Amino acid sequence: MSIDDLEQRNKKTVRALLFLVFVMILFAVALIPLYDILCEITGINGKSKKSSSDLNYTVDLERTITLEFITSTGAGTHLQFKADRSAIKVHPGEVIKMNYSVTNNTKKRMLARARSSITPGPAAEYIKITECFCFENQTFEAGETKQLEVKMLVDPALPERYKRLTLGLTFYDTTK
Amino acid sequence: MSAVIAEHEHDDHHDHGPEKGFLRWIITTNHKDIGTLYLLFALAMFFVGGTMALIIRAELFEPGMQFVSPQFFNSMTTMHALVMVFGAVMPAFVGFANWQIPMMIGAPDMALPRMNNMSFWLLVAGILMLASTLFMEGGAPAGGWTLYPPLVLQTGAALPFAIFSVHLLGISSIMGAINIIATIFNMRAPKMTLMKMPLFVWTWLITAFLLIAIMPVFAGAVTMLLTDRFFDTSFFDAAGGGDPVLYQHIFWFFGHPEVYVMILPTFGVASTIIPVFARKPLFGYSSMVYATAAIAFLSFIVWAHHMFTVGMPIAGELYFMYATMLIAIPTGVKIFNWTATMWQGSMTFEAPMLFSIAFVVLFTLGGFTGLMMALAPIDFQYHDTYFIVAHFHYTLVPASVFIIMAGAYFWIPKWTGNMYDEKLARFHFWLSAISVNILFFPQHFLGLAGMPRRIPDYAVQFADWNMVSSIGAFIFGFSQLLFVYIIFKTIRGGTGEEVTDEVWEDAHKHGLEWTLPSPVPYHTFSTPPEKIPTEHF
Ligand code: HEM
Ligand SMILES: [Cu+2]
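Order-wise, the sequence lines are chains A and B.
Mapping of the first sequence onto this note's numbering: residues 9 to 184, in sequence order.
Mapping of the second sequence onto this note's numbering: residues 2 to 538, in sequence order.
Some hints here could point you the wrong way.
[Claimed, not checked] Calculated lysine-lysine pairs in the BS3-like style (CA-CA distance at most 30 angstroms, straight line): (1) Lys532(B) to Lys19(A); (2) Lys19(A) to Lys197(B); (3) Lys20(A) to Lys192(B); (4) Lys20(A) to Lys97(A); (5) Lys20(A) to Lys21(B); (6) Lys20(A) to Lys197(B).
[What the hints assert, rightly or not] Not the full set, but computed from the structure, chain B residues with beta-carbon under 10 angstroms of chain A: (7) Ile175; (8) Asn187; (9) Phe298; (10) Gly312.
Quick caveat, the hints were computed from the structure, so don't treat them as lab data.
All values derive from a computational prediction rather than experimental measurement.
We put the CB at the ideal spot given by N, CA and C, even for glycine.
Could you build all of it, start to finish, from the sequences and the hints given here?
Encoded structure:
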């Protein structure tokens, strides 16, 4: 093999390998949407979506499940955030309302956003949240206390094995 | 190495010899020079990372806070890991690759010599930038080498520098990997078919592909950290609808294969050394090649065994559990083959062999603890405790690091034409082999008893074993000064013993490099060799 041949072959190899590097960079970027899609299809990470407000189920009085409400705030978010009740017993299909109180403990106006999460994750698709302050940004004046509401239903199709579900809400300070 | 230094001293420059003076080391494109640079750099970083480890062990010698602040302690665990992985273990194997691959396949040099020089200097730049974070406002990164958000986003001024250093290290590794693949594909001697290549070459070929596949992913993940912090994106920020667990998935997609980047060349060197001292061909050559490829493939589909406790669905836990356990099969094949190679061999126990045997035994132990943690329900107890610290140190220190030292003793007579002091080297081995167990074995007990990793202080119930572990650490650390002494003494003339071309009895049957003169001339195999050793097959 002559030197020129070798140089040609090396160039070809380098080009092919650089292409592989490029593919892997694309792959890394693609992992973000892929991850979301996978989570959505399998419903594994407990994310819930807004459901249409005219859902109507026949209430299943035979079954009672426990709904727990937990609240938290992100690091550096100085809000006092509590649900009125920590747990309630409900029948699948009935409309449930829960009140939350939020106090801005700082001396400044705050823009904040709550994010919801349902545990166990696979049950998330059976919890229909029709109204929630977590669907948009909330503003809190300095020292202000607000009463906020969540409205939801539990789909009676919820598999039998789920007896206790938890709705977690976390507020994050998003003031710029 | 000393070919070089000898010429330095006697100044007997001939036609194709190296550049004179210091500049030679900066602009060199010779694979042997670059190999030397990589190895010396790795050795220096081994001591930098080792010093950090001793700071950690000094603080943990007794419960309570003694020497350093918790913040600095956490910087030490983070930087120790990053320096050891990217500055010591990986460059050491690249150094071996530079020296040995061209000689093993009968090539005159690496395929892309100038790129070779650049990868080395980018590595130095990357590590210097990483080290500079130690002196920045807010301190060096302290969130662990895995750089998990949201914790890592609390790093002070150091964050962008740490991230850029990862980019530099990534580019350096990718360039090195491209070079190695091009060399192996295009520069082999005519008779050196793929299935006749020494295993060290095979393992590096596969490792190079791993590097090309994972470094871009790691670079991507840390870039997203950067934009999350400075450009208001929310890839990993729950407030903006992102997900910190996503980072863990991307990181471990890189991170698990990364641990194999450190262990596959280790397997390669062990498979090179053991047959020579057992005076037998390597048992099961082709099964070794396939097992290496299988391990590399499996390493891409098991990443979430690092994340059993993040709240995966049960199906995910089961899948990652079984997939991880599968890795034990090709790994077991390798252990079996090394043992079978030694079986009924006429073994002698020079330092390289001693380190290799210790590797086989102690790596197996690390593999077993790995299997224990692969069991998802059991890992809930072990995760983030000292048990996992013991696991990965067994797979890295008495495995990768021991084999690096074995390789250094094994090849340095060839490189320099001087013999190292066998007695001292054996003493170095026994000191290291005993102290490494005093250092890491008690960490199993600590982990099982529930001591968490990455903490500067601990409950008094853990005091005794921590003290033992720290004592082992100091013996191990200081024993390595002996290694440096032996190596430099060898470079400067060694024991004065005659070193034959094959160095080790009948080594010429095991590889092309042993058919070259000792010390190896600056340029070798300018014309490809006619014959290649066939002992392996
Ligand atoms: C039979 C082979 C192996 C198995 C089954 C295995 C399994 C595991 C598992 C399940 C973990 C996660 C533990 C946890 O976070 O709770 C782990 C961690 C780790 N393993 Fe292995 N492992 C194996 C071999 C290796 C090898 C060969 C290396 C490196 C050369 C290695 C290096 C590591 C490292 C560095 C970590 C810790 C990463 C971190 O969290 O910082 N393992 N291993
Ligand atoms: Cu792993």
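Here's how the hints hold up against the structure:
As the CA atoms of lysine 532(B) and lysine 19(A) are separated by approximately 28 angstroms, the hinted pair is consistent with the 30 angstroms bound. For the given pair, lysine 19(A) sits about 25 angstroms from lysine 197(B) by alpha-carbon distance, which is consistent with the 30 angstroms threshold. The hinted pair formed by lysine 20(A) and lysine 192(B) meets the criterion: a straight-line CA distance of about 22 angstroms does not exceed 30 angstroms. Note on lysine 20(A) and lysine 97(A): the hinted pairing is violated, with a Cα-Cα distance of about 68 angstroms set against a maximum of 30 angstroms.
Annotation: proposed proximity of lysine 20(A) to lysine 21(B) is violated, straight-line Cα distance about 34 angstroms (limit 30 angstroms). The suggested pairing of lysine 20(A) with lysine 197(B) holds, with an alpha-carbon distance near 24 angstroms, which does not exceed 30 angstroms. For isoleucine 175(B), the interface hint holds, the least distance from its beta-carbon to any beta-carbon of chain A being 6 angstroms, beneath 10 angstroms. Nearest Cβ of chain A to the Cβ of asparagine 187(B): about 5 angstroms, under the 10 angstroms cut. The hint holds.
This hint is violated: phenylalanine 298(B) has a C-beta 16 angstroms from the nearest C-beta of chain A, more than the 10 angstroms allowed. Look at glycine 312(B): its Cβ gets to within about 7 angstroms of chain A, closer than 10 angstroms, so that hint holds up.
Comparing the model with each earlier hint shows violations of hints 4, 5, 9; every other hint is respected.
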